[in-house]
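Quick mapping for you: the protein sequence lines, in order, are chains A, B and C. Just so we're aligned, residue 1 is where the first sequence starts under this note's numbering, counting upward by one. Just so we're aligned, residue 1001 is where the second sequence starts under this note's numbering, counting upward by one. Just so we're aligned, residue 2001 is where the third sequence starts under this note's numbering, counting upward by one.
Careful, some of the hints might be misleading.
Cβ-Cβ distance ranges computed for the label pairs, FRET-style [said to hold, decoys possible]:
#	chain 1	residue 1	chain 2	residue 2	range
1	B	D1074	C	S2201	24 to 34 Å
2	C	P2237	A	K83	22 to 32 Å
3	A	T97	B	D1066	44 to 54 Å
4	A	A2	C	V2077	27 to 37 Å
If you are wondering where the hints come from, they were derived from the structure by calculation, not from laboratory data. The structure displayed is predicted, hence computed values, not measured ones. Each residue gets a CB set at the ideal place from its N, CA and C atoms; glycine is no exception.
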Amino acid sequence: MADPMKIRANAVGDATEVKVLMNHEMETGQRKDAQGKTVPAWFIQNVTAAWNGKTVLSAQWGPAISKNPFLSFKFKGGAKGDKVQVTWVDNKGETRTDEATIA
Amino acid sequence: MDARRRDVLKTGGGATLLAALTAVGWLKPGEALAQAPAWNKAAFEAKTIDEALKALGSAGPAQSKDIAFVSTPDIAENGAVVPVGVSSSMPKVESIAILIEKNPSPLTAVFAIPAGTEPTVTTRVKMGQSSNVYALVRSDGKVFVASKEIKVTLGGCGG
Amino acid sequence: MTSTMRAAIAAIAFAIAAPAALAQGSTEKGIEAYRQALQDGNPAELWEARGEDLWKKRTGPKNASLEKCDLGLGPGVVKGAYAQMPRHFADADRVMDLETRLVWCRVNLQGMSEADAKRGPFGGPDRKSDIEALVAWITSESKGVTMAVSLDHPKMRENFELGKAIFFFRGGPHDFACATCHGEDGKRIRLQDLPNLTAKSGAQKGYTTWPAYRVSQGELRTFQWRLNDCFRQQRFPELEFGSPASIALTTFLAYNANGAAFAAPAIKR
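Just need the whole structure built from these sequences, with the hints factored in.
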């Protein structure tokens, strides 16, 4: 199973700032290993973030997002103690969901 | 800067880029990006910006001064991790996309921005070499574009 | 050559040189902006989180966690511990750096064999290192804490002197010493400024920014890894993990960094 994300959600005025770090290789499919064999592409394709069941961001990614991806965004609303949930799905169908409490 | 942007665009994806940007819709109106896990395979696997835009189904984007690159350096010490932030001061931003002209597949990310979410996203991208980076913003049904050249001192595939 | 000609040539030379110098300056500024932009969101935090879990996880033949491991400030005290390491541990009657102490705790608290406790000190894409993760978390608990390595114990003094000797020891096919690259101000390799580890400010800057997430490798690298890589670059024999030489060199460099606020895990190119 994939390792957990690190999510920080901070209330800033009437908005919530979300910063996410994800554990993922983000293999491009362009790289060759020591034996000269192409390392197959393996990368996160979809990311969604939700607050109180409402989608606050969704993304489609290609393999050019850096390894151990970082994502930061801000949405209106969110109170201290609310949960923000982030889910990713990669091209192998593997998925991971984590949540953070707004601080 | 504007003049340079125009030059960049002209020489960028070839002379056809502007035409392509103008001719085809970047994102179809009402395209439900929020309904993950939709993933636009054709757009992400496109080898040129023109093809990527076609695959995204674009509509004539205009260059805009209301798109800014934030926390995005002019030069990257390592292409494996290049911070890119895109922000727009336009109203009703529906989505933001990042394209890197000289990467094997230029389309890097598409962010759907629901109402209530600020039109600013920051992430980190890989760049194989120095390149123009395009930020496309769809606002109130129209598509806009801005670009920035980022120099890479070491490609994202080595070092 | 007339003096006007000389002046003209000088003027041309200046005209050519000036933009180059300008470009150099703006490149450095650009790189600085790049490094700054990376600070917001350091993937090292992913290692830190895993390390904290590992610290609390019961494992090994004794099915124990590391929560009673004494890093020098008492059993289980992690906050600020790294800023005073390496140090002399009375229970082992040895000078230990963080890695050596972790191995000691894994052997004594968790009942692992020494070989198991030392296994996999450095990770990669397909092999995660528990030691690296633990080091990431423990060092993060000293972020902002002033480096205060004490040489009061005679064995610490001995280690410091040995480490200093190793630092200046020239050898290998390149006739290199650590000091060849890190013994003078203003040296660099390509865009990398090399800290002068014999000067206070250089040692402080060099030592307090490890471990670091290396964006070029997509991995967290520890100070121990940094030493090993310097040895490799000098074409020295591999520095054995947890060896007396490794602890001595770490002692020398950590002590030189005293007085600076510890600033890692950092993020570097």
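Comparing the hints with the structure gives:
no., hint, verdict
1, D1074/B to S2201/C: 24 to 34 Å, "holds, 28 Å"
2, P2237/C to K83/A: 22 to 32 Å, "violated, 53 Å"
3, T97/A to D1066/B: 44 to 54 Å, "violated, 35 Å"
4, A2/A to V2077/C: 27 to 37 Å, "holds, 32 Å"
Comparing the model with each numbered hint stated earlier shows that hints 2 and 3 do not hold.
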